[in-house]
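Chemist: Residues per chain are reported as follows:
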Amino acid sequence: MKVRLEKAFPMPASADAAWALLQVIAGVASCMPGAKITEQVDATHYKGTVALKVGPASLSFRGEIEVKSLDASTRTLHLFAKGTDTTGSSAASMDLTARVDAQDANSCSLAGDSEVSMSGKAASFGARLMGPVSEQVLGQFAANFAARLKQAPPQAGAAAPAPGAAAPAPEAKPLNALALAWAVIKGWLRALFTGKRA
Amino acid sequence: MATAKKVSFKLNGKPVEVTVEPRELLIHSLRERLAHTGPHIGCETSHCGACTVDLNEMSVKACTVLTVQCEGAEITTIEGLEQGGALHALQQAFHEEHGLQCGYCTPGMITRAYRLLKENPNPSEQDIRSGISGNLCRCTGYQNIVKAVQSAAKKLAAAG
Amino acid sequence: MSQTAELKEREDKLQGMGTSLLRKEDAKFIRGQGSYIDDIKLPGMLFGAVVRSPYAHARIKGIDKAKALACPGVVAVLTADDLKPVNLHWMPTLGGDVQAVLADKKVCFQYQEVAMVLASDRYAAYDGAALVEVDYEELPAIVDPKKSMAPDAPIIREDIQDKKEVGHGPRTHPNHIFTWEAGDKAAADAAFKTAEITVREEMLNPRVHPCPLETCGCVASFDKPTGYLTVYMTSQAPHLVRTVLAMLSGIAESKIRVIGGDIGGGFGNKVPVYPGYVVAIVASIVTGVPIKWIESRIDNISTTGFARDYHGVGELAADKDGRIKGLRFSALADHGAFNSHVSATKFPAGLFSICTGSYAIPNAYARVDAVYTNKAPGGVAYRCSLRVTEAIYLIERMMDVLALKLGLDKAEIRRRNFVRSDQFPYTTSLGWTLDSGAYHPALEKVLKAVGYEGLRKEQAAKRADPKSPTLMGIGISTFTEIVGAGPTKVCDILGVGLFDSCEIRIHPTGGVIARLGTMSQGQGHATTYAQIIATELGLPAADIVVEEGDTDKSPYGAGTWGSRSTPVSGAATAMAARKIKDKAKKIAAHLLEVSEGDLEWEIDRFKVKGNPSQAKTMKEICMVAHTGNLPAGMEQGLNAVTYYDPPNLTFPFGAYLCVVDVDKFTGEVKVRRFYALDDCGTRINPMVIEGQIHGGLTEAFAVAMGQQIPFDENGNHLGNSLMDYFLPTAVETPKWETDHTVTLCPHHPLGAKGVAESPHVGGIPCFSNAVIDAFAHLGVTHMDMPHSAWRVWQQCNTLGVNKR
Amino acid sequence: MIPAGFDYHAPRSVADAVKLLGELGPEAKLLAGGHSLLPMMKLRFAEPGHLVDLGRIAELRGISEAGKEIRIGAMTTEHELLRSKLLAEKVPLLVEGAGWIADPQVRYKGTIGGDISHGDPANDQPALMLALEASFVLTGPKGERVVKADGYFLGLYSTQLAEDEILTQIRIPLPAPGSGWSYQKLKRKTGDFATAATAVMLQMKGKSVASVAIALTNAGPTVLKARDAEAYLKGKAIDDASLNEAARLAMKICQPTPDQRGDAEYKVAMCGEMTRRALQAAHARAKG
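Residue numbers (the working numbering), protein chains in the order written: chain G, 1 to 198; chain H, 1001 to 1160; chain U, 2001 to 2804; chain V, 3001 to 3288.
Hints listed in this document are in silico derivations from the structure and should not be mistaken for laboratory results.
Any given hint could be a false lead.
[To be verified] Derived list of chain H stretches under chain U, where covered just means 3 residues or more per stretch with a C-beta under 8 angstroms from a C-beta of chain U:
1) 1019 to 1026
2) 1036 to 1046
3) 1065 to 1079
4) 1118 to 1130
5) 1139 to 1146
[Said to hold, decoys possible] BS3-like cross-link-like pairs, simulated, lysine-lysine; straight-line CA separation at most 27 angstroms:
6) H:1006 - U:2041
7) G:47 - U:2067
8) H:1010 - U:2028
[Unchecked claim] Partial list, computed: chain V residues near chain U (C-beta under 7 angstroms):
9) 3001
10) 3002
11) 3186
12) 3189
13) 3190
14) 3244
15) 3260
16) 3262
17) 3266
18) 3273
Quick reminder that beta carbons are idealized off the backbone N, C-alpha and C, glycines included.
Generate coordinates for the entire structure from the input sequences, incorporating the hints supplied.
Modeler: Shown next as structure tokens:
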């Protein structure tokens, strides 16, 4: 069960600031609702968990993240994540390309193109919810990313943290912060609704 | 292991008591602890109705009720419909109208029809068909089941 | 009391053949006292829960049992490695292939069995199963059979990668199972070249599932001291299972006992030997305690024997009057990841060659290519008579396609091509000998009953009125079935012939026990077999007990599927009874001091011809048979066993007509009327037959109108629970009108044929023809099933008939 | 088939229930009829640590008339709605709507409050509540607050109900006498979720529409109110033209999720068709 989402989100910071944050994988992960990096294996491989809550239902995945490419010239991050859920009955993978497009001194746009693929029980049962849930996850990611940029805009060109040291990022609350975030991202969704459904 | 609870209720007129985890489903308590294997399991998504029992004068799917919810309840299963050696009119009618083949849906079907006739002693064919729409049957195509419920309704009306 | 009244009373007392005797089986079922497999509890019994793959195609890198073993109540976790020492991680299938019992380094379909957790109770087993951690490496999956044979297609079955054959002829690709052909291709091609009219249509029989209300399961109990293995199992063929278990376990077949118990519906889903059974058996052997394994509904729909998934192509060649000259039918069959459905060795494509149906077609050619995909194994199931549903669907739909092309009435095209009553026995161009039939009178009787002309007039009026909110469709299906496998010279499974058996024992006071090799799943065998014996031996059916399903008690037989019980075991019952009757006649002659030739049989006694007061009832003879007062050299007792090898299969037929009203704006199809005439030769219990027709038509309705097992491109199931898999309730199910004619089977001792699969086989094309007929005036030649509201609306939308 | 373990609580009063929710925090889930939550738990999609069963709280049951509104306890079952004489007389839309939900067994246990607060766009009660312009009494640690149904439903599995609150009562203003009503639901079979469904309440003044409420089930992430269609119909007669336009306007706001019931194109078309049929049926029942 594949869901393809292409979306651009306006960001209240310069392209360089956004790009700097985008390179801190642990930081990026912490913007993903319920996601946490548990270990950095090497420069491009991480281990982590994602706790996904949709109403009463919850799915927690553990797996690996591989940074396929970090292209400063186009400010593009390409990463691939995959894992199985703790009951072993569902599995998921996400292929995400995120690009920062400059606009002016203090605003830019974060363009996300992601393909989420689900297998097992979650695909058999959750198929009809995957579209809306994926949109909300991506929407909340953008909201957290924007909030992070506003708090402490990282200096342009800051080096990525040394491997092995998982950056102490505040752990994002599980997705069930949905109710709260919903009001925030609803606007985005309406305005930018260009999601394509598989 | 969440704390086990003592639960007592009436099963086909007899008081019973079981000690169960809160997560234990009524269908499993009936079949595994109380040797009432009349109600059956046919799915795990609350659709098929093979597990239907009568709980406090309601037709319920015993696979979607927790035993801990049944404290003090009055439960009737297919095993409780024959009284004093005499079959219930529905049991007799299902036999006479060939309202069963493999028998797997029959306990739930008869127990549901029992409550349906209590609430509507003179149902139309459409009342019966929607009344048993929570009970799936794969063998009979329902036509003889409907005839059986109609026949039982007449028997019960005649018996007054 | 007049002579005939007295005879009638004696006959009524027997409740023999032809009476609608109320069923013996009902007494326990209406009290909730059936004994189904999940009702069985043995001391010390453990529960098995299966760990299944979320992926449709993946390598297994490792299995971590630690967390599961630490779970309270869990006793053991079995994986393929645990089965290797007893060489049971692979097993033979009924289709001549091998199948993984627990996935060995690789999973080939979603929900495939990877491990079994054994625990003290059902809850702990389920908890344990959720804690087994399996490390997978996903591989690309093949879901569309059309891609299986692509040169770069991923190889599904690496275990047989270089095997040139899997039991059914040469393979041309690692994902190829077999190619089967029948008929004369050259003659058929020639007919098409010279024909005035040819039609061609691609038709899909989507993957569906029998979905009996009881799922599959077993209780396996190995007794270490004696080495005896007893398995209570949801099996429609206990003896065949016993033979397969002996083959794969090495335990002497005499020490294996398979007990079918009461079965909650089968419809072919409970014929194969499933991995769950074998793992439970191995677990019982390893642990020495009974093991219960019961699958969930999602497991049942996702992993056990599905049906169809046949991508068919139908071609007919005819002259301009609609007389068919040639037929070419082919199909691409998706068998899933293992070739495991039941199939007679000589018939890998089952009885698909019956696809000439009820029609005299001079030149025919049929071909089936079977391939592997990353989906669960199966294909032959669901009241199908071994691919007969797929064959009859093609011919009955193609008749409508041809009629439309010629502008001929859909009843008339059938009249012109029927095998005429005077042509029987008629040998079809694909090699079957239809031994009996009366197609024209059956069709005429149905057309008259429904007022066919009036219906066509009403349809014409509706088609002329653009304001009509509905489209009216009339569907006809005049099918011929082929059931009752069957003659050992052509029918065997894993080498075992498909004869069947009946053993009858009579007690001194006239009570009878009969044991048979078939296995009822609700078809009323205990009642109908008793009625045969009652009529044959003049003993009341009430005193006749019938037992099936316990391989320690019943003589060898191939079980119940393919509507074979009455054709094969019903015949065996009659023959066994007649052996007893012959002996009884000798005893009567001895008692009445006459020669056998002077005696004649009348309902329940032997009478001396011309001297009716001189008679001996069968009941009296039963007692004498247990005394010394017997003819010289005769031993005591009245027992017989017959193993019956039928000379041919049987050919029941029918004429069905269905009227539907299609809501243009929602696509919903309302069945206004369904009239079903069936001919299955002698009717043993009319009530039971009508019940089977109702059940079969309801399945046909469900298949045609809503059932399918869809997959996404990763091989994920998208409809494997009762949330999406369409099982109609009493509200959706139409009302059925049934009718019959009787055309005796010439070779069956009772003149009887099988019947229970006819309504499913004949019903599906009837519904499809009705729905598609509703659009015939708009140039629509075919619409694939299922005819769900959504898909029918799409047709309405494309044609623009639902513009406001 | 087997839920994960949890602790079970069966408070006897709303106050106790609210206190329990506060103590147990986000790991606790409310158990109403159980026919949405238990199936999820049996498939291990939901594994709450605590269940707070509201089934023993008498004050949460009952259907009564109070002033100019009908008050329904949140734990009133769909079956009780179906058999209520008061509702049949005063709020027949709710009786018709309840009859379309699931099957008889589910209706004996399933509750109006559970259906409203579960948050699945396929639940039927939300559309009925919007059409009836109902409001909900939410009881939490800080006491009761009354929230309009319109605006209560935020998103997928997301409503105004806070984690420490309980929906205790539904309040429905008495529909104006002579108003028309209908709930039209298209589904594959008895017991299925709606492919599309529309609830309508309609008041006529002579030949033209005085006021109309139109709400759509399973047409987006939450229940949807067809405001443009409502506005358009005001003052209009109900005829083919107005029905076509109303249906078109309703379809414009639909964003259904594709599934085995249909793709987006079919579902949107069915939202239109159900809206048309609900307006027609309501109009036939309305007394201008």
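Chemist: List, from low to high, the hint numbers that the structure doesn't satisfy.
Modeler: none
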